[in-house]
Amino acid sequence: MRGIPPRTMCDVWNKRDKREKIRTIIKYVPQKEKVSKKVDEEMIREVARGVTEGLVSTLGEEIARKILPSYSPQTSGIKQDDRVQIKETFIDPTEETKLEHNFERLGKLEESDTDVHKTIQALKNLRANKNI
Amino acid sequence: MQETPGHATNGKGLDVGTSFICCAEKQGNKIVFRAQRDAFFDIEYSDFTKEMLNKSKVNYIQKDEKLYVVGDEAIKFANIFNKNARRPLSKGIISPSEKEALPMVELIIKSIVGEPKYKEETVYYSIPGPPVDVDFNIVYHEKVAYSFLAKSGYTPKSINEGLAVVFSELAKDGFTGIGLSFGGGMVNMCLSYMSVPIFAFSVSKAGDWIDQQVAMAVDETASRICAIKESSLDLTKSVGLSKIETALSIYYDNLIEYILENIKIEFGRAKRMPRIDKPIAIVLSGGSALPKGFLDRFRNILTKVKFPLEVGEIRMASEPQYSVAKGALIAAIAEEEKR
Chain A
1 MRGIPPRTMC
11 DVWNKRDKRE
21 KIRTIIKYVP
31 QKEKVSKKVD
41 EEMIREVARG
51 VTEGLVSTLG
61 EEIARKILPS
71 YSPQTSGIKQ
81 DDRVQIKETF
91 IDPTEETKLE
101 HNFERLGKLE
111 ESDTDVHKTI
121 QALKNLRANK
131 NI
Chain B
1 MQETPGHATN
11 GKGLDVGTSF
21 ICCAEKQGNK
31 IVFRAQRDAF
41 FDIEYSDFTK
51 EMLNKSKVNY
61 IQKDEKLYVV
71 GDEAIKFANI
81 FNKNARRPLS
91 KGIISPSEKE
101 ALPMVELIIK
111 SIVGEPKYKE
121 ETVYYSIPGP
131 PVDVDFNIVY
141 HEKVAYSFLA
151 KSGYTPKSIN
161 EGLAVVFSEL
171 AKDGFTGIGL
181 SFGGGMVNMC
191 LSYMSVPIFA
201 FSVSKAGDWI
211 DQQVAMAVDE
221 TASRICAIKE
231 SSLDLTKSVG
241 LSKIETALSI
251 YYDNLIEYIL
261 ENIKIEFGRA
271 KRMPRIDKPI
281 AIVLSGGSAL
291 PKGFLDRFRN
301 ILTKVKFPLE
311 VGEIRMASEP
321 QYSVAKGALI
331 AAIAEEEKR
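Line by line, the protein sequences give chains A and B.
For the record, in the first sequence the residue sitting at position 29 is 29 according to our numbering, with numbers rising by one throughout.
For the record, in the second sequence the residue sitting at position 100 is 100 according to our numbering, with numbers rising by one throughout.
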């Protein structure tokens, strides 16, 4: 019996021997360990060489930032510590000094003729009594 | 109104309320209050809008790409756009959900309190009592308000809101009685015996709660309900009420019953109660107690409740919306005179 010829992609795949299957997997599936250990900024720039000159550094930095957590761009003067500092400055309530506004004093004024002098004296006398 | 000339006494009182921030200062024989609605409304920045606001003398703060209209105008803008104004304080404390507004709250407080007359002038600022019906504490609010005032060069000291009402209104009763402040975010209560607070607490149902409940019932915005409540509500009326007035009346009753029930519960829990020989006075204050007929409503409902203390006179504060600031001012001046 000569057998039935393969008809689907699945049949094609099953017909391949083990070595051929591995070659195909390596070719199409990204191998993390392959890049993560050896990759550096230079290598990324190599990959990006085909791209226009202006995009190279940005792209390289972007890729490096994504795959290397410890990466920080040489060109930028900002260190990791500085970034934290910026965040702290952002939540500092002293930011009020930077807010632009169009008023000096807020609030509606109202006067009262209530005499609080006696109340204050009464409160002071009461509080001075050490039995309380 | 112009600034009042006259010798200003050292010490200031500040009511940091959910609806209003109010500062009291003694100038000559008068007390001068400076009150500002504690609300803002954000609109997208454009040069044209900014120009319009400047021409209309509407107060605003510019932050990032937005213009924040502050004060009464915020409520007007909210009503025009059929939205709710934003509140940097919620339920009596600096709102955790409005953290981005923190610098604006600071700016507003500073612009109301002004500069101290001398370095480390005493300012008493109000804080709510421990809430009995919600799970939060007031430490954050107290510390943030403290830092704002200390940074401005004051010596800030906190005072319970209910006790401030007692200082302001119960001098002739020997500072003995119950001070109740019906604010926007909370109702505060303090039982004081000869100026010493016996117990104090707050509940999270207050004016804002009424606005929200009524808004839901009649399908309106809370800002619009608030505007109606403040401008025309008459609790003495029992016939010919509109749908909104009927809902407001129902929820006012509910609020008063809720407060009295909580006072009863807290009395039951209190361990050290002084023996008070004579009937105690109750003073009502706060912006939510302003509608006509509120005092009678309170009296009527109180007669139906088995109150644990013998109650004497029940009265409204002389200036309900300023009682807390005035009480804080009295505490501040008494402190200053001790120096």
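Don't read these hints as lab results, they were simulated from the structure.
Here the structure is a predicted model, which means the values were calculated and not measured.
Think of the CB as a built atom: it goes at the ideal place given N, C-alpha and C, for glycine as much as any other residue.
Some hints here could point you the wrong way.
[What the hints assert, rightly or not] Per label pair, the in silico range of CB-to-CB distance:
1) B:K271 - A:D115: 33 to 41 Å
2) B:P308 - A:E100: 26 to 34 Å
3) B:H7 - A:K98: 29 to 37 Å
4) B:P308 - A:K98: 49 to 57 Å
5) A:D115 - B:M52: 24 to 32 Å
6) A:D115 - B:V218: 39 to 47 Å
7) A:K98 - B:L302: 48 to 56 Å
8) B:K119 - A:E110: 41 to 49 Å
9) A:I26 - B:I43: 55 to 63 Å
10) B:K304 - A:K98: 51 to 59 Å
[What the hints assert, rightly or not] The list that follows gives simulated cross-link-like pairs (lysine to aspartate or glutamate, EDC-like), each with its CA atoms no further than 20 Å apart:
11) B:K30 - A:D115
12) A:K108 - B:E115
13) A:K108 - B:D64
14) B:K50 - A:D11
15) A:K124 - B:E336
16) B:K151 - B:E120
17) A:K98 - B:D42
18) A:K98 - B:E120
19) B:K117 - B:E319
20) A:K124 - B:E121
21) A:K124 - B:E73
22) B:K50 - A:E104
23) A:K118 - B:E230
24) B:K110 - A:E100
25) B:K306 - B:E319
26) B:K30 - A:E104
27) B:K172 - B:E313
28) B:K278 - B:E313
29) B:K30 - B:E230
30) B:K30 - A:E100
31) B:K55 - A:D11
32) A:K98 - B:E115
33) B:K66 - A:E100
34) B:K172 - A:D115
35) B:K57 - A:E100
36) A:K118 - A:E104
37) B:K110 - A:D11
38) A:K98 - B:E44
39) B:K110 - A:D115
40) A:K118 - B:D173
message: Hint check: K110 (chain B) vs D115 (chain A), CA-CA at most 20 Å. Holds or violated?
response: violated (27 Å)
message: Hint check: K98 (chain A) vs E115 (chain B), CA-CA at most 20 Å. Holds or violated?
response: holds (18 Å)
20 Å limit on alpha-carbon distance, applied to hinted pair K124 (chain A) and E73 (chain B): violated (41 Å)
Cβ distance range 41 to 49 Å for K119 (chain B) and E110 (chain A), holds or violated: Given a distance of about 28 Å, which is not inside 41 to 49 Å, the answer is violated.
- prompt: How does the Cβ-Cβ distance of P308 (chain B) and E100 (chain A) compare with 26 to 34 Å: does it lie in that range?
  reply: violated (54 Å)
field: Holds or violated: K172 (chain B) to D115 (chain A), with C-alpha atoms at most 20 Å apart
entry: holds (13 Å)
- prompt: Lying within 49 to 57 Å: is that true of the beta-carbon distance P308 (chain B) to K98 (chain A)?
  reply: The hinted range 49 to 57 Å holds for P308 (chain B) and K98 (chain A), with Cβ atoms some 53 Å apart.
- request: With respect to the beta-carbon atoms only, verify the hint that D115 (chain A) and M52 (chain B) lie 24 to 32 Å apart.
  value: violated (45 Å)
query: Is K118 (chain A) within 20 Å of D173 (chain B), Cα to Cα?
result: holds (13 Å)
20 Å Cα cutoff - pair K110 (chain B), E100 (chain A): holds (14 Å)
message: Would the hint linking K30 (chain B) and D115 (chain A) be met if the CA-CA limit is 20 Å?
response: holds (7 Å)
Given pair status - E336 (chain B), K124 (chain A), alpha carbons within 20 Å: holds (11 Å)
Of the numbered hints stated above, those contradicted by the structure are hints 2, 5, 8, 13, 14, 18, 19, 21, 23, 25, 26, 29, 30, 31, 36, 37 and 39, listed in ascending order.
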